[in-house]
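> Here is what each chain is made of, one letter per residue.
2 protein chains.
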Amino acid sequence: MSFKLTILGCGSATPTIDRNPTAQALQVLERFFLIDCGEGTQLQLRRNKIRPRMMDHIFISHLHGDHYLGLFGLISSLHLYSRNKPLHIFCPPKLQEIIELQLKASDTRLTYELFFYSLRENNENLILETNEAKVYSFPMNHRIPCWGFKFVEKLRPKSMRGEKIREYNIPFTKVDEIRNGSDFITEDGKTILNNELTFPAKETRTYAFCSDTIYDEKIIPYVKGVDLLYHEATFAHELLDKATNRYHTTALQAATIALKAEVNKLIIGHYSSRYGDISPLLNEARSIFENTIAANDNLVIEII
Amino acid sequence: MSFKLTILGCGSATPTIDRNPTAQALQVLERFFLIDCGEGTQLQLRRNKIRPRMMDHIFISHLHGDHYLGLFGLISSLHLYSRNKPLHIFCPPKLQEIIELQLKASDTRLTYELFFYSLRENNENLILETNEAKVYSFPMNHRIPCWGFKFVEKLRPKSMRGEKIREYNIPFTKVDEIRNGSDFITEDGKTILNNELTFPAKETRTYAFCSDTIYDEKIIPYVKGVDLLYHEATFAHELLDKATNRYHTTALQAATIALKAEVNKLIIGHYSSRYGDISPLLNEARSIFENTIAANDNLVIEII
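The listed protein sequences correspond, in order, to chains X and H.
Under our numbering, think of the first position of the first sequence as 1, with each following residue one higher.
Under our numbering, think of the first position of the second sequence as 1, with each following residue one higher.
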């Protein structure tokens with residue numbers, strides 16, 4: 001019953017040896033979502049033993065190279081692996097033109113279908129619903145059009161009360177239905193209410209991704225109360241002017257968003273390459289919002 | 001007096017943990033040429049302590065992603081480093097359109113000029129002459145238009161005979177001229193011929209890069225007698241059919257080209273990801289052409 005985020009890259013525009021540009025994989029139950037796809041993402045997926053063929057949905061926040069330059073290589077590799085199921089890409093409109101031009105230049109007819117869904121809305125917008133989750137986009141405030149994404153787990157299956165299986169002689173084939181909320185009818189026609197058979201469902205889990213953006217409190221309602229918030233923290237607050245000029249956020253500002261949005265946990269990333277040791281950024285964020293962790297490449301965070 | 005090749009990536013279309021896609025840096029004296037620029041090249045340059053700002057010329061063989069997908073990231077980083085000198089890119093025509101579309105999508109006005117030189121010729125063609133080297137392109141035979149590159153060092157400065165400096169009281173400021181071939185006129189007007197003052201010039205060095213191509217003997221005259229030949233060897237010869245179908249070369253075929261072209265040394269690379277251990281490919285090549293080495297990422301080969 002995983003709800004697990006893997007940081008594939010936590011660097012910013014200029015990559016460093018230790019930090020790939022932005023990419024993350026979110027696993028919700030058996031489904032993997034790829035969020036941004038900076039250069040090197042293919043290799044990072046491989047290092048983290050996440051098979052690209054398990055992914056059907058990719059979300060690209062904006063068209064600065066450090067957020068999408070790994071995509072065409074990934075698309076090409078899936079072609080070479082003879083993928084046959086469609087791949088769905090949620091992205092700013094111009095990405096489709098770039099990818100199609102690259103396909104044309106390499107004279108490639110993909111073995112699978114590629115679907116593009118343009119991000120255009122300037123408010124929260126449900127862009128995808130799968131069996132496992134709903135995905136929303138919402139606007140960020142960056143130098144070019146940019147979107148954040150929120151992943152909301154759908155109702156989680158309940159856990160069965162083991163003794164009830166024996167008591168009512170419940171066949172194995174009925175367990176999934178009951179875990180999803182059905183009542184059970186015994187052999188002699190008696191209805192056993194679901195509440196008697198199961199423990200209460202755990203709360204559904206939520207993750208919000210915010211990169212890249214200037215400090216903007218308009219984001220708060222979109223990420224209100226999520227279990228885990230990723231917010232960029234490119235600079236320490238002593239470089240506030242630089243952050244503001246470049247439409248980026250400081251660690252202190254990221255923590256302020258987390259605090260005001262009353263999220264459970266904050267994870268910061270997208271560090272400027274000037275920071276070798278990022279503990280000053282982490283400490284700064286924790287001074288405002290205690291439950292903060294710092295992303296590093298290959299970090300895995302599981303929400304229980 | 002370096003003439004030094006650094007392998008930045010020796011993999012083929014699907015990258016592996018140990019092998020980045022194709023990229024090489026050739027140092028001729030103080031100048032660095034970048035040959036192909038697969039995904040991850042920026043980081044590979046960093047790992048090899050080669051500063052991108054020292055490069056003015058990039059050569060892209062063809063528009064399969066594993067040979068150019070690192071270019072836009074490199075261009076972007078040079079912009080972020082506030083590069084101000086021009087960058088010259090020798091490439092198939094369509095690359096300019098791809099890069100310009102990506103610049104537009106990211107709303108970037110580069111801090112430096114970018115010049116594109118389209119590869120179009122179907123024979124050997126001098127495409128660049130610097131103080132250090134002449135660079136030629138020549139056609140390969142691949143699924144899409146593809147070019148090889150030959151780098152020919154220009155005349156190397158001679159070494160001075162130390163005792164002649166003392167004998168004729170040659171000032172330090174004259175040494176470079178003499179090493180480049182000038183005679184010397186003494187204080188009392190006597191001309192001393194260059195041959196008396198210097199050791200004979202060493203032979204100039206040559207490197208040819210051939211990736212990707214089907215086995216094609218038409219390439220031989222273009223690489224005839226070079227000191228070092230890089231030739232792709234994607235498959236072992238037992239997979240000749242696969243190699244031929246995909247317009248690639250086997251290790252045995254690469255060695256045959258080296259033998260027939262009478263080169264001094266062969267380096268093979270562009271290995272299919274199916275090969276973990278590439279010694280079968282190396283052994284196969286050596287059975288035909290003894291002086292073969294196998295590329296691996298971060299290998300440095302110096303031609304003396």
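These are computed hints drawn from the structure, not numbers from a lab.
Do not take every clue at face value.
Identical copies go unnamed one by one, so any copy, or any two together, can satisfy a pair.
Claimed, not checked - For lysine to aspartate or glutamate, the following DMTMM-like pairs were computed, each having C-alpha atoms within a straight-line distance of at most 20 Å:
(1) 260 - 183
(2) 49 - 167
(3) 49 - 18
(4) 260 - 302
(5) 242 - 107
(6) 85 - 227
(7) 218 - 290
(8) 4 - 203
(9) 4 - 176
(10) 260 - 217
(11) 260 - 113
(12) 94 - 277
(13) 154 - 277
(14) 224 - 113
> With reference to the structure, classify each hint as holding or not holding.
How the hints compare with the structure:
Within a single copy, residue 260 and residue 183 get their C-alpha atoms no closer than 41 Å, and across copies no closer than 79 Å, so neither meets the 20 Å cut-off. When the C-alpha separation of residue 49 and residue 167 is checked against a cutoff of 20 Å, the pair qualifies neither within a copy, at 42 Å, nor between copies, at 70 Å. Proximity of residue 49 to residue 18 under the C-alpha cut-off of 20 Å is found in both arrangements, the shortest distances being 18 Å within a copy and 15 Å between copies. Taking the closest pair of Cα atoms, residue 260 and residue 302 never come within 20 Å of each other, the shortest separation being 23 Å inside a single copy and 59 Å across copies.
In this assembly of identical chains, residue 242 and residue 107 lie within 20 Å of each other by CA distance solely across copies; the values are 19 Å between and 43 Å within a copy. When the C-alpha separation of residue 85 and residue 227 is checked against a cutoff of 20 Å, the pair qualifies neither within a copy, at 32 Å, nor between copies, at 48 Å. In this assembly of identical chains, the alpha carbons of residue 218 and residue 290 never lie at most 20 Å apart, being 22 Å within a copy and 68 Å across copies at closest. For the homomeric pair residue 4 and residue 203, the shortest alpha-carbon distance inside one copy (15 Å) is at most 20 Å, but the shortest distance between copies (61 Å) is not.
In this assembly of identical chains, residue 4 and residue 176 lie within 20 Å of each other by CA distance neither inside one copy nor across copies; the values are 22 Å within and 64 Å between. When the C-alpha separation of residue 260 and residue 217 is checked against a cutoff of 20 Å, the pair qualifies only within one copy, where the shortest distance is 9 Å, while the shortest distance between copies is 69 Å. For the homomeric pair residue 260 and residue 113, neither the shortest alpha-carbon distance inside one copy (42 Å) nor that between copies (45 Å) is at most 20 Å. In the homo-oligomer, the alpha carbons of residue 94 and residue 277 never lie at most 20 Å apart, since the shortest distance is 36 Å inside one protomer and 41 Å across protomers.
In this assembly of identical chains, the alpha carbons of residue 154 and residue 277 never lie at most 20 Å apart, being 38 Å within a copy and 46 Å across copies at closest. For the identical chains of this complex, residue 224 and residue 113 are neighbours neither inside a copy (36 Å) nor across copies (45 Å), given an alpha-carbon limit of 20 Å.
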